[in-house]
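Q: Going line by line, the protein sequences match chains S and Y. Residues 1 to 304 (the numbering used here) make up the first sequence, in order. Residues 305 to 622 (the numbering used here) make up the second sequence, in order.
Take every hint as true, because none was put in to throw you off.
Only pairs whose alpha carbons sit at most 16 Å apart, straight line, appear in this in silico EDC-like list of lysine to aspartate or glutamate:
| # | chain 1 | residue 1 | chain 2 | residue 2 |
| --- | --- | --- | --- | --- |
| 1 | Y | Lys437 | S | Asp291 |
| 2 | S | Lys11 | S | Asp291 |
| 3 | Y | Lys314 | S | Asp142 |
What the hints contain is simulated information worked out from the structure, not anything from laboratory work. All values derive from a computational prediction rather than experimental measurement.
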Amino acid sequence: MITNIAKTFLKAPRSAQLGFIIIAINLFALAFAPALAPFTETEIIGKVWEPGIWAMDCSEEAIELHGACWSQLNDDRMDGKAWLGTDHIGRDLFTRLLYGARNTISIALVITGLSFLVGMTFGFLAATMRGWVDQIISRMVDILMAFPTLIFALIVLSVAGTSIPVLIVVIALLDSTRVFRLSRAVAMDITVMEFVEVARVRGEKLMWVMWREILPSTLPPLVAEFGLRFCFVFLFISALSFLGLGLQPPTADWGSMVKENSGAISFGVYNPLIPAAAIAFLTIGINLVVDWFLRKAAGLREEY
Amino acid sequence: MDSLTILIVKRLAFGLLTLFVISVLILLGVEMLPGDLAQALLGQQATQESLAAIRLELGLDQPLHVRYFDWLGNILQWDLGTSLANRREVADLIGTRLANTLFLASNAAIIAVPLSIFLGMLAALYRDSLFDKIISMTTLMTISVPEFLVAYILIVFLSVEFSIFPSMADWSSNAGFWERLYAVFLPVMTLVLVVVAHMMRLTRAAIINVLTRPYIETAQLKGMKRSWVIMYHALPNALAPIINVVVINLAYLVVGVVVVEVVFVYPGLGQLMVDSVSKRDLPVVQASGLIFASTYVMLNLTADILSIIANPRLRHPM
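Model the full assembly from the supplied sequences, consistent with the hints where possible.
A: Dropping the structure here:
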């Protein structure tokens, strides 16, 4: 298993390797946030918007203020300092970033998983049953897709209030329409193949046909889609949090961290750019891997 | 009726149905959600009298279909109700803000559309060149980056480090056209950067898709000039997907303004809607949601109809 992963990794092009490393870093942060973080999620450790060590010059005043500068990064004096700076109420930005990875990524994973469960079930169902079942589901999806996602989410949140379960259900439902489209289209091509016909004639149940005959053949495009949908969901939650309607404080979350600290920018303190860059970093990494995966799944045919 | 008209009529009917369903969902979605709306708005401490008063004000005592048609009739007369937060007419609140949002979105569209079609065609013609690769990489970057990061990077460089453009896109009420244009420069740039990449990528794909067709090869083999092949054979067939891409991105722009308006504290409809969502000011949310959603639906409808009309095979059926 591990040697297989290593082999795939070494054979992949540079861009995909970079993507894998980015994803690995994020998953590592997600798994070990409490162990890696120098402080706790809500601990106030310093002044408001202290610049990080990266932005600090090594002048005497700076050293006096922070007790260290970037050239002393491995020094003992760095213990207990915020080396990415502090946020709008003096919490450690690095700690919040680690916990933010944990909160934002895991919620995005739950949403994408739920969206695939719903979207694929209905997509395969529509493709296998055809006829009026397909018609009804497809027309309902058409109408849902005609609704701009962000606006729909805003309306629901204004009525139901912002809570994590509401966020998960709303975004998963909206996103599952896209998954439905793809899984239906892919499964349509599979259901006309002989082996599915054989399974049906053999008298297999609908669930069995969907699960054992159709699913395995549709996996590659769906796996790639999972990456892309995850990126979309992740950016979407970040945008909602940025608007103040996603995860609520004091939970650390990358989108809300940008929003809370955005005032610092006009003072020339660029701390809020760090969580924003973290969001971009992860989505770029996933896109690089998905790009490579799609090209590989297409059998290295000429790519447009 | 020929097949083209039938297609268009079908599409129009579906568009109208979508608009109807959206309006029903926006008004009655309130009903389907759990809990009592009046209670949710006023909180646990609300007295029976105030609960009854707000139910009466929102018309919660009326049956559903009556409320729907009342609401729809009022909306069609531009009577959007009163805001729960500050008792002002929603139509007054929305009026200037809608104009501001359209000003922002149309400026972005005027720059983004020609730019992305031009770049997309160049990328398709010089496929696999360095230029093409740079474009694909930039596209990947801008698709992955959240809008607010693009916005803040622009603010950092053009507003904080070099004070060329203002980071707050607001103006006094007597500001002239050029002054306003100057004030919205950064938000417009943000929207352009976000949209161009996507439009360009799809334009490129549409043209390349057409260039690989057999009839293009035939034209080339009979010795036609490359520029003529593109003008007479490739472009008319690529037009439908390109128009589609453009209008869909315009629809995206209308919704994408929400985040950008919040970043730049721009007095537009998106900002108003976000504020009203956190205040749970339902009449404002419903009205602005309806405006956003119907603009989006109409633009998508236009895209589909234009691409039906622009498709040469549908216009000249065998």
